[in-house]
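J.: So you can see what is in the structure, the chains are spelled out below.
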Amino acid sequence: DSGVTQTPKHLITATGQRVTLRCSPRSGDLSVYWYQQSLDQGLQFLIHYYNGEERAKGNILERFSAQQFPDLHSELNLSSLELGDSALYFCASSAGQVFNSPLHFGNGTRLTVT
Amino acid sequence: GQQVMQIPQYQHVQEGEDFTTYCNSSTTLSNIQWYKQRPGGHPVFLIQLVKSGEVKKQKRLTFQFGEAKKNSSLHITATQTTDVGTYFCAGQRYYGGSQGNLIFGKGTKLSVKP
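Here the protein sequences come in this chain order: A and B.
Be aware that the first sequence starts at 63, since it is given in the working numbering, and climbs by one per residue.
Be aware that the second sequence starts at 1154, since it is given in the working numbering, and climbs by one per residue.
Isolated chain A, as found in the complex (with noise of 0.2 Å):
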């Protein structure tokens, strides 16, 4: 167990609908990431929080928003969803701020646009 909690575990919802992805860190963790896993393309980094401030963006389409609230969880927005946003979603945290301390994910969100 990494101590990341990812909830929900599945999530199948229509195109045009908006669904909100939530993860709580390790405890003691301040840096929280998201990660979009597809059968073809890998782990692609989506967005980078500490301590409850942006920290770094990667593929992140407009239609996503992130946040990071007081408590250190994080929740992932995606809305005006399309059939390709189907994907699993990681959540991970870290002790450190930068990315050179190793990640801890969660189990992940299983996301089915129909």
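Think of the hints as simulated: they come from the structure by calculation, not from any bench.
Heads up, a few of these hints could be off.
For lysine-lysine, the following DSS-like pairs were computed, each having C-alpha atoms within a straight-line distance of at most 27 Å [unchecked claim]: (1) B:LYS1189 with B:LYS1209; (2) A:LYS71 with B:LYS1259; (3) A:LYS119 with B:LYS1209; (4) B:LYS1223 with B:LYS1262; (5) B:LYS1189 with B:LYS1262; (6) B:LYS1262 with A:LYS71; (7) B:LYS1210 with B:LYS1223; (8) B:LYS1210 with B:LYS1266; (9) B:LYS1210 with B:LYS1262; (10) A:LYS71 with B:LYS1189; (11) A:LYS119 with B:LYS1189; (12) B:LYS1189 with B:LYS1259; (13) A:LYS119 with B:LYS1210; (14) B:LYS1212 with B:LYS1223; (15) A:LYS71 with A:LYS119; (16) B:LYS1259 with B:LYS1212; (17) B:LYS1266 with B:LYS1223; (18) B:LYS1266 with B:LYS1204.
Ranges of calculated distance between the beta carbons of each label pair, as one might list FRET restraints [stated by the list, open to error]: (19) A:THR77 with B:GLN1167: 39 to 49 Å; (20) B:HIS1165 with A:PRO132: 46 to 56 Å; (21) B:ARG1213 with A:ASP133: 21 to 31 Å.
Where is the CB? At the ideal position from N, CA and C, for every residue including glycine.
Guided by the hints, dock chain B onto chain A, whose structure is given.
T.: Just chain B now, kept in the frame of chain A:
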């Protein structure tokens, strides 16, 4: 943008055979991390390499970081069925003195025939 290329994409071996996966970056990396993802699971941190030419061992696993800090390899000696999974390298690049995003390769999926 920065890319981390990983080969091969798939590797099928007989139990007891050796396995190697290679990771190459177009740019110099500040460090490289390796992760393993079991089928249906989440990526789990294996190791981090920081120094040029660094070699680290974990039981049957040997990790190397190239002299130019642009490539890395993971070698497994005498594979076992428990080694099955996808192995990812993830490289972090320097950006003018600060460290950038952790970019994952697409992974090498290892299957082991008993």
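J.: So, for every hint listed, does it hold in this structure?
T.: Hint by hint, here is what the structure shows:
no.: 1; hint: B:LYS1189 with B:LYS1209; in the structure: holds (16 Å)
no.: 2; hint: A:LYS71 with B:LYS1259; in the structure: holds (23 Å)
no.: 3; hint: A:LYS119 with B:LYS1209; in the structure: violated (31 Å)
no.: 4; hint: B:LYS1223 with B:LYS1262; in the structure: holds (22 Å)
no.: 5; hint: B:LYS1189 with B:LYS1262; in the structure: holds (10 Å)
no.: 6; hint: B:LYS1262 with A:LYS71; in the structure: holds (23 Å)
no.: 7; hint: B:LYS1210 with B:LYS1223; in the structure: holds (20 Å)
no.: 8; hint: B:LYS1210 with B:LYS1266; in the structure: holds (24 Å)
no.: 9; hint: B:LYS1210 with B:LYS1262; in the structure: holds (21 Å)
no.: 10; hint: A:LYS71 with B:LYS1189; in the structure: holds (20 Å)
no.: 11; hint: A:LYS119 with B:LYS1189; in the structure: holds (24 Å)
no.: 12; hint: B:LYS1189 with B:LYS1259; in the structure: holds (12 Å)
no.: 13; hint: A:LYS119 with B:LYS1210; in the structure: violated (33 Å)
no.: 14; hint: B:LYS1212 with B:LYS1223; in the structure: holds (25 Å)
no.: 15; hint: A:LYS71 with A:LYS119; in the structure: holds (24 Å)
no.: 16; hint: B:LYS1259 with B:LYS1212; in the structure: holds (25 Å)
no.: 17; hint: B:LYS1266 with B:LYS1223; in the structure: violated (32 Å)
no.: 18; hint: B:LYS1266 with B:LYS1204; in the structure: violated (35 Å)
no.: 19; hint: A:THR77 with B:GLN1167: 39 to 49 Å; in the structure: holds (45 Å)
no.: 20; hint: B:HIS1165 with A:PRO132: 46 to 56 Å; in the structure: holds (49 Å)
no.: 21; hint: B:ARG1213 with A:ASP133: 21 to 31 Å; in the structure: violated (41 Å)
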